[in-house]
Amino acid sequence: MAGKERTIPGPPTNPETQVFWDAAKQGKLLIKRCTACGELHHYPRAICPFCGSDRTEWTEASGRGTVYSYSVFRRAPIPYAIAYVTLAEGPTMMTNIVDCDLDAIRIGQAVRVNFKPTEDGPPVPMFSPA
Amino acid sequence: MSIKSKAYIAGVFEHPTRKADSQSLAQLHAESARGALEDAGLTRADVDGYFCAGDAPGLGGLSMADYMGLKLRHIDTTETGGSSYVIHVGHAAEAIAAGKCNVALITLAGRPRAEGMATGTAPRNYGAAAPDVAFEYPFGPTVVNQYAMAAMRHMHQYGTTSAQLAWIKVAASQHAQHNPHALLREVVTVEEVVNSPIIADPLHRLDCCVITDGGGAIVVTKPEIARSLKRPLVPVLGASEAVKHQMGGKIDLTYTGAVWSGPAAFAEAGLKPADVKYVSIYDSFTITVLITLEDLGFAPKGQGGKLVADGNLIAGVGRLPFNTDGGGLCNNHPANRGGLTKVVEAVRQLRGEAHPKVQVKNCDVALAHGTGGSLATRHGSATLIMGRE
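Respectively, the protein sequence lines represent chains A and B. Numbering of the first sequence is given in the numbering used here, commencing with residue 1 and proceeding in unit increments. Numbering of the second sequence is given in the numbering used here, commencing with residue 1 and proceeding in unit increments.
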């Protein structure tokens with residue numbers, strides 16, 4: 001937990017996803033909902049990957065989820081945990097589990113979003129034990 | 001339209017180098033092409049179809065056709081990572097069946113060792129325009145930790161163990177001891193695998209494939225040409241491909257695209273898993289083999305651990321001999337893309353030209369399967385079933 005922190009490269013932004021990153025700066029996690037078919041998806045797209053409609057809109061997620069899978073990358077200079085977290089709203093997203101004992105992470109564990117600053121871009125949604 | 005027996009694999013070649021300090025990338029492609037054409041008994045002038053993927057330099061197929069001086073009427077540069085070349089064989093068979101070419105050449109080459117590439121342990125970034133990159137790259141996805149997440153979930157859901165995964169490496173090492181070109185020829189034990197350092201939980205160093213330079217090539221021809229040559233006849237019986245991705249966030253890491261490509265290839269061939277005498281399964285990591293074998297129908301979902309354990313994948317010992325050249329885990333993983341060499345060893349088995357210590361008796365049906373990209377995000381799956389006449 002203490003000591004050196006891993007440097008997080010900033011996410012490249014583009015017009016399609018700018019709203020997501022603007023919200024991230026305010027600590028809000030957005031996901032996309034399709035008003036045509038009702039499905040939520042991640043990563044966010046203008047065009048729904050389930051039905052092809054362009055009637056997608058941003059919605060704020062609760063920030064709560066559970067660990068679907070994870071792996072602690074021991075070989076890295078500063079070990080870190082990559083994970084897939086399934087949001088309470090449904091979609092599963094790639095992330096890191098941070099600010100915790102890496103050896104105590106478990107599949108099914110409840111986690112909450114924890115935005116972390118990046119080197120050269122907006123903060124990114126990581127998760128910590130709830 | 002079925003491609004069954006409408007095209008034959010007439011030539012194969014695996015480049016013997018494992019570290020190409022003194023060759024260029026284009027040269028490795030061309031040397032591999034020469035080897036496969038010589039194996040078939042054909043020449044460069046016979047080639048009218050050419051297939052390559054993202055490892056080819058410059059403008060890919062254009063640059064390599066230029067380098068090799070090919071006169072082409074068909075070109076296909078389908079790119080699905082390491083599975084590309086298995087797909088290429090199927091596409092070559094389709095093109096031949098449709099009369100678009102008569103002699104198809106497929107090449108692969110790469111120099112990740114000579115170039116000092118951190119193949120599995122550095123996050124890969126395919127460029128800012130990749131729609132996924134902003135939502136993945138900041139989290140440090142490497143090849144190893146992505147496959148590790150698939151392994152972690154499989155263990156959680158089905159009780160698969162590290163010792164079961166280790167048996168896959170053990171079998172590969174048993175085979176590699178007989179291959180003079182293999183990078184790693186030392187036989188290892190389950191204990192040695194599970195006691196090797198963890199790279200990314202739960203994958204150990206010995207769960208990971210080797211990093212090698214080299215290449216390979218395959219020549220596919222129409223039946224009349226194959227019959228005019230002096231090599232054993234290896235017909236393409238069935239081929240299928242599939243793409244699995246994140247499905248908008250409905251992620252399930254317990255299966256691969258082989259659940260689609262496998263049944264389709266078997267249906268085209270009119271065969272079932274029990275008919276297969278030998279399998280070449282893409283082995284980027286031990287977990288790749290286990291999940292793929294389940295998906296192809298060699299074991300029920302979740303039971304792959306039992307299938308691969310206790311030497312069941314070892315030629316002459318178990319009931320499903322696999323990767324008898326030592327595979328990517330021990331022999332060769334040229335260009336970080338193992339699909340082509342999977343086809344090469346399957347053809348050796350069908351011809352009866354595998355090493356005598358690992359040759360499968362009466363090997364009349366073989367399967368080669370490629371997985372390219374990442375199990376945890378997006379990958380191309382390709383299943384190829386071949387026979388012997």
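No wet-lab data here; the hints were simulated from the structure. Be aware that one or more of the hints could be misleading.
[Unchecked claim] Here are some chain A residues pointing at chain B (derived, C-beta under 7 Å): (1) 35; (2) 37; (3) 43; (4) 47; (5) 50; (6) 62; (7) 66; (8) 69; (9) 71; (10) 72; (11) 77; (12) 78; (13) 100; (14) 105; (15) 107; (16) 109.
[To be verified] Pairs of lysine-lysine, DSS-like flavour, derived with a Cα cap of 27 Å: (17) 361(B) / 4(B); (18) 116(A) / 250(B); (19) 71(B) / 361(B); (20) 4(B) / 250(B); (21) 4(A) / 25(A); (22) 28(A) / 230(B).
[Unchecked claim] Short, incomplete list of chain B residues facing chain A, as computed with Cβ under 7 Å: (23) 199; (24) 231; (25) 248; (26) 253; (27) 389.
Computed from a predicted structure; not experimentally measured. Positions of the beta carbon are idealized from the N, C-alpha and C atoms, including for glycine.
Compare the structure with the hints numbered earlier in the document and write down the numbers of the violated ones, lowest to highest. Numbers 1, 2, 4, 6, 7, 11, 12, 13, 14, 16, 19, 20, 22, 24 and 27 - these are the hints that the structure violates, sorted from lowest upward.
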